Amino acid sequence: MRERAVQATEKQIGVQMTEMTMMDRMKPALLVLEDGTSFTGIACGADGESFGEICFNTSLVGYQEVISDPSYAGQIVTMTYPHIGNYGVNAADMQSDHLALRGLVVHDMCYEPSNFRSERSLPALLSERGVVAIEGIDTRKLTRHIRDCGMQRAAISTVDLDAASLLAKVKDSQGLAGINLASTVSCASAYHYDEDLHDFDFAKKPAPPHRYRVVAYDCGIKRGILRGLRDAGCDVTVVPWDTPAKEALSYDPDGIFFSNGPGDPEPVEATYGTVRELIGVKPIFGICLGNQMIALAAGSRIEKLKFGHHGGNQPVMNLRTGRVEITAQNHGFGLVFPSLGALVPELSGGIAEHADDLRFWSEKKIAPVVENARYGRIQLTHVNLNDGTAEGIALLDQPVFSVQYHPEASPGPTDSTYLFAAFTRLMDAWTPGDASYLDIDIAADRLAAWA
Amino acid sequence: MPRRDDIHKILLIGSGPIVIGQACEFDYSGTQACKVLAEDGFEVVLVNSNPATIMTDPAMAARTYVEPITPEFVEQIIAKEHPDAILPTLGGQTGLNCAVALAESGVLERYGVEMIGVNLASIQRGEDRKLFAEAMEEIGLSCAKSGFAYTIAEAEQLASGLGYPVVLRPSYTLGGAGGGIAFNQDELDAIVRQGLDLSPVSEVLVEESVIGWKEYEMEVMRDKAGNAIIICSIENFDAMGVHTGDSITVAPAQTLSDIEYQRMRVASLAILEKVGVETGGSNVQFAINPADGRMLVIEMNPRVSRSSALASKATGFPIAKAAAKLAVGYTLDEIVNDITRKTPACFEPTIDYTVVKIPRFAFEKFKGADATLTTRMKAVGEVMSIGSTFEEAFGKAVRSLEKGREGLGCDGHDKIDETRFNRFLSQPTEERIFYMAEALRRGYSVADVADLTKIDPWFVQRLADIVAVQESLRDRTLTDLSREEMLRAKRYGLSDRQIAWLTDVNGAQHDRSALETGEMSVRMCRKLLGVQPVFKVVDTCAAEFESETNYYYKTYEDENEVRPCDKPKAMILGAGPNRIGQGIEFDYCCVHASYALSELGYETIMVNCNPETVSTDYDTSDRLYFEPLTHEDVLDIVEVEKPDGVVVTLGGQTPLKLAHLLEADGVNIMGTKPEAIDLAEDRDRFSALLDEMGIAYPEAGTASSAAEAVEVAKHIGFPLLVRPSYVLGGRGMVIAYDTQYLEEYMAEAARITPDHPVYLDRFLESAVELDVDALCDGEQVYIGGILEHIEEAGIHSGDSACCTPPFTLSQNIISQIRDITTRLALRIGVRGLMNIQFAIKDQTVYIIEVNPRASRTVPFVSKASGVPLAKCAAALMAGYSIADLNLPPDDRELDHYSVKEAVMPFGRFPGSDTVLGPEMKSTGEVMGVANDFPAAYAKTALAIDYSLPTKGTAFISVCDRDKRSIVAIARDLSKLGFSILSTTGTYHALKAAGIPCERVNKMQEQRPNIGDDLANGHVDLMINTPFGQRTRSDGYQLRSAAVRYGVCYVTTLDAANAMVQAIEAVQQSADEKVTRLDTIALQDLAQWQPDLAGLAKERR
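Just so you know, the sequences run in chain order U and H. First residue of the first sequence? That's 1 in my numbering, and the numbers climb one at a time after it. First residue of the second sequence? That's 1 in my numbering, and the numbers climb one at a time after it.
Treat the hints as calculated values from the structure; they're not laboratory data. Fair warning: this is a prediction, and the values are worked out from it, not measured in the lab. Check each hint, because a few of them may be wrong.
Below 25 Å or equal to it, Euclidean Cα-Cα: the simulated DMTMM-like pairs (lysine to aspartate or glutamate) are [to be verified]: (1) U:Lys364 / H:Glu334; (2) U:Lys141 / H:Glu559; (3) U:Lys205 / H:Glu299; (4) H:Lys145 / U:Asp201; (5) U:Lys27 / H:Glu484; (6) U:Lys306 / H:Glu548; (7) H:Lys342 / U:Glu353; (8) H:Lys342 / U:Glu303; (9) U:Lys141 / H:Glu639; (10) U:Lys204 / H:Glu138.
Derived list of chain H stretches under chain U, where covered just means 3 residues or more per stretch with a C-beta under 8 Å from a C-beta of chain U [unchecked claim]: (11) 114–122; (12) 136–143; (13) 222–229; (14) 344–357; (15) 552–559; (16) 800–814; (17) 874–883.
Part of the chain U face toward chain H, derived, beta carbon under 8 Å [what the hints assert, rightly or not]: (18) Phe116; (19) Arg140; (20) Lys141; (21) Arg320; (22) Val324; (23) Ser410; (24) Thr414; (25) Arg425; (26) Leu447.
Backbone N, C-alpha and C fix where the C-beta goes; we use that ideal spot for every residue, glycine too.
Can you build the whole structure from these sequences, using the hints too?
Below, the structure is given as structure tokens:
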């Protein structure tokens, strides 16, 4: 039996430890959803009150890339994996200099990270950048709620802990629909991308020499994309979202790139207007919002997904090769493939009727082609196997292709890095009717960029 | 690419007996494969020598061969069955090795059998370290610097080049067998000597040490089209230097940033592609330097592994099932995710909880063995737990181990060795986590502990938080705790018993029953505060999609996801982690009960925490709760499910221990009632019962001190069988021949079970032992089987070989046994299964022990007799009668003999004695079926050792007691062509009997002596019988040497007798092409399946 005195000291140590490890962060916070659902938790970021659309991300790693992704502008992100912040944060892994998201929801925040690259803790970064965050809530319950009831407006507050009062404010807050968020996260003026990548030397090969000049339209571009372009040999000039076509062409580019970006694509009219001017002039590649810009330029209908795709495990089939890629995704809107035009049966396995669920095509391993009023033949190149939504298109009569998901990953699996190579192949040579630049064996160069 | 139509019949190779490094995870994978291939219309032919598995149930495959997994036997089966394809990737290393041998010798080609799932070249690239290292270099990945040694001198040279310490890995051995870390040349010499011997190609890899680096595993799958996915990442809590099987591991990886994780991911996929794994699951291991992120590839297994089982249970993704489907032509996008039933299997599972695995060790069984954890696996089982956070899962995992701990310390069992505190902190052992907790409690910083243990600070910090929460409760008054404090304690994984102990409620710190009362006070108090657990679903997708599967874990959150159900519910409590004495046999029984109760119309609920098993597959029962088998955790499930009945008698001692507590909670215990269990388990009550019924039993007494024990011994007389009460697998059980030993034992026994006295029974020397498994419905008794032990009384029944039907018993004895069994079952009030151990001495039948529950022989007896006893037992528990089951007469004559033989793990524990005794030491078992006893026994010997000595030199050295009886055995051996070698005493006995024999010096005598002969490979068979318990003797050294040099040996006369007969059977089989060792499929023997669905319909 232990001595009483010893126990007393131990108890004191225990109390001290408890205080050190958690007491000082016991600041309450409240999360309220538009439909009245509320969660009480503990603040783990900046103090204050923040409004946005609530969504969830299922990535197991990569919280830093998630929170620094400008596509999350206007959104409150819930991480479904419970332990967040484990390996800290560092400057190199930031996807942009600013944190554009409106708030972060986690189950368990880590204040003492462990990793040789960690420069500081995640909560320290959030506090400094003014991001309101909440921990200690049933994030699975919240995720199921979002899944069943759809994305909706929400607020996190550390100042107003009255659910009714906060709910009233949520109801008054602005939603995402009809708002041009890209304009809020785009760069202010054009710049030449020239990043020192030595931070990645422990894992990645040095970038190859420049072989292509590319102008990248920044609607909230992730640094991962810039690195992906550079690793493919592109010298990139980044221009603001509303840069006129003429100005972009003044850089004498080999190709034009349209970036990812936040929110509703419809209001980003200046960008897809520019796409229209540039199609047929230069080879074009678009990612995420860039994909939607190209689709809108071609007159596609855009739909809002119930709870979007946010995570790093979405299976996508390249219909041209039949290969499945595990992809990183982050979008709440998507293009409606049948709205691009009527099927061309002779190029679509003899099928003339559109299927709403595009897994019809992945099961048959056919990449169907429609006749588009504006640009001629458009091929569906990629389909999401989870829900049969469109993930990629290629214009057959123009040197243009785009994907809805993120080949740069960051965070997420790197299966689709080949799309950057596809872009260079498109810039190298292209003949009308050909989309074979997309037919790349993803296993051939899995380790190409890695040290 | 859909299902292949050009193959119809597939041969599946299992993994054989449970051994350390290859356990029941291959029953899980093999069973999944059998099921899914049969569903797809393939005819499955199965070979597996392990009778305790679900996969060898005759219903699982079209043809089931419980035969040795040797190329000779499998070739026989191929010749008989003409399969189109062989699938070797689901039977562990054993299955793979056998398939390789068949491919290399041209057998597969000769019979036109295609190897599917993997090809020979990729097996070689994955398994051969040299080829593997070359392949890695070609794709630009680094392995640890290393070289191959074929002699000790070469190893020394390599080591001096690399610098000590070095890691030594013998090629082609199991679970790191024969490997180790050498810090100096002496250690190097010792390990390499053994390693060269154990490696079938006499090759040892000498490798740069990366001890202290972080260790990771990736579970990968690939299909024919080249689609490849990661199922799960696993991070080891213990740093490099501890075998993964012995490490605490966590899923998913916790301390890797995205770029590090993705690098490991693509490397895993590239390795799979480079090695050439065509389809199926593989496992790749990495080491990461925590200082700079340098990544090394450690190894890959081109097959389903122990980690695959863990990854399957951790994510809900059925790896083995998918691997089987991929092998027959499907691609990942064509397989539907079983859990969501909407999305394809071609995705990477994401999880929203944390999974912790902790290995289960059994060092207490192997006195003299080194308990330090190294690169050589020593764990005999493992537990897995799921919690929202690491802390919650960790607490659960510790209490799942059933090592008497209620969590991470604070349970009255913290025993700290003060003098060696820092050593126990830095040295990896199974106790280290408790030292880590204690160090943090004493004010060591997280950095200090991380530095001493090389465990990542992230994990240490988590333990520090758990300790902080514990300390905030110490000496508080339970009723003063706030809701927040209580909730926090539960979220940090504290059990109610820990809270009771910390707050000392009801004097919980004083004894066990007070702790149990205290637990209930905490429970009540907790509920009053509104702190109650909820259950969440494991769904592969972090709730992104709706799922149909009822696979649950408990956590302290808001929303409960348990779905209601209208059907009557039956809950089955599983057996927990595999350990010596309680293994896969009990999982077999639980799975059968689940199948049976489901057929009878129940919604079945399985509770278990063992990730290796079939019972914890999400599709075995209607509902699966992956939870510890403690009172608190089970009661939480009972409260949410409100089952109509709970089955406690099929999972071994683990659930049985809970019977009383659960009944007190108002739970309906199905089948035999706790009162009846108690009647059989309480020695005094049971003795009184036997007296009343006029049944003989060895004279017995109890003692709670050394003095009392000596008094009892005076009364009964030596030898005595001594054991603590309520134990499993004869733990702590010995035979005492004198007072001194008895006193020594008493000093130690107190440590094993302080709350219970010690039993002393008269030991019936030279008696024949029997096991009987029987069913009882309250009115009728059905004898499932009578098993005659080959070893005489005194060897634990789990370690003894046995045969059914009995091969030497008279009809008179058998009818006495049947009569006693029937009377006892009815008198005790058994409803379900019962096992009785008898001893026959001088034509008197004694009762040794009665277990009113399923025994470890149930699967063996079921397969030998064709009557599925566990299934029948479940029906009886559900209220049906034996008459309903339409079983064959239990006294029918079987026309074949079935032998079960135990498999020993001594090779894993150098230094521990290999002699058999009343304490069970075996990890697994094999079965042999033949038309006569010697042939069946020969099959078991072949199934364990893969070959039997059929010529050469036999070394015989027996104790004085056996000198007379050894003569006949030696004469037979001589006739069979063996030359005989003996030490002085035995030499004289044999010479006197006129048997040609050569004398050899004993171990302690001058050299050359028998030790040299063993080391030089001059001995092919060793018979050595010890006497008494003094094991530190010549005999001990002999047996250790036999283990070290792989010499076939027996330690009892009865086993020697059986062995000689078996050798004769093998000789005949080889020489005369007689058919004594022909392969037999279980389906060729009579089989019975009660029509339970029909019965249920009738009742409705």
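Hints and how they fare:
| no. | hint | result |
| --- | --- | --- |
| 1 | U:Lys364 / H:Glu334 | 11 Å, holds |
| 2 | U:Lys141 / H:Glu559 | 6 Å, holds |
| 3 | U:Lys205 / H:Glu299 | 24 Å, holds |
| 4 | H:Lys145 / U:Asp201 | 21 Å, holds |
| 5 | U:Lys27 / H:Glu484 | 13 Å, holds |
| 6 | U:Lys306 / H:Glu548 | 20 Å, holds |
| 7 | H:Lys342 / U:Glu353 | 24 Å, holds |
| 8 | H:Lys342 / U:Glu303 | 22 Å, holds |
| 9 | U:Lys141 / H:Glu639 | 21 Å, holds |
| 10 | U:Lys204 / H:Glu138 | 17 Å, holds |
| 11 | 114–122 | violated (count 0) |
| 12 | 136–143 | holds (count 3) |
| 13 | 222–229 | holds (count 5) |
| 14 | 344–357 | holds (count 10) |
| 15 | 552–559 | holds (count 3) |
| 16 | 800–814 | violated (count 0) |
| 17 | 874–883 | violated (count 0) |
| 18 | Phe116 | 6 Å, holds |
| 19 | Arg140 | 5 Å, holds |
| 20 | Lys141 | 4 Å, holds |
| 21 | Arg320 | 14 Å, violated |
| 22 | Val324 | 4 Å, holds |
| 23 | Ser410 | 7 Å, holds |
| 24 | Thr414 | 5 Å, holds |
| 25 | Arg425 | 20 Å, violated |
| 26 | Leu447 | 5 Å, holds |
Checked against the numbered hints given earlier, the structure breaks hints 11, 16, 17, 21 and 25 and satisfies all the rest.
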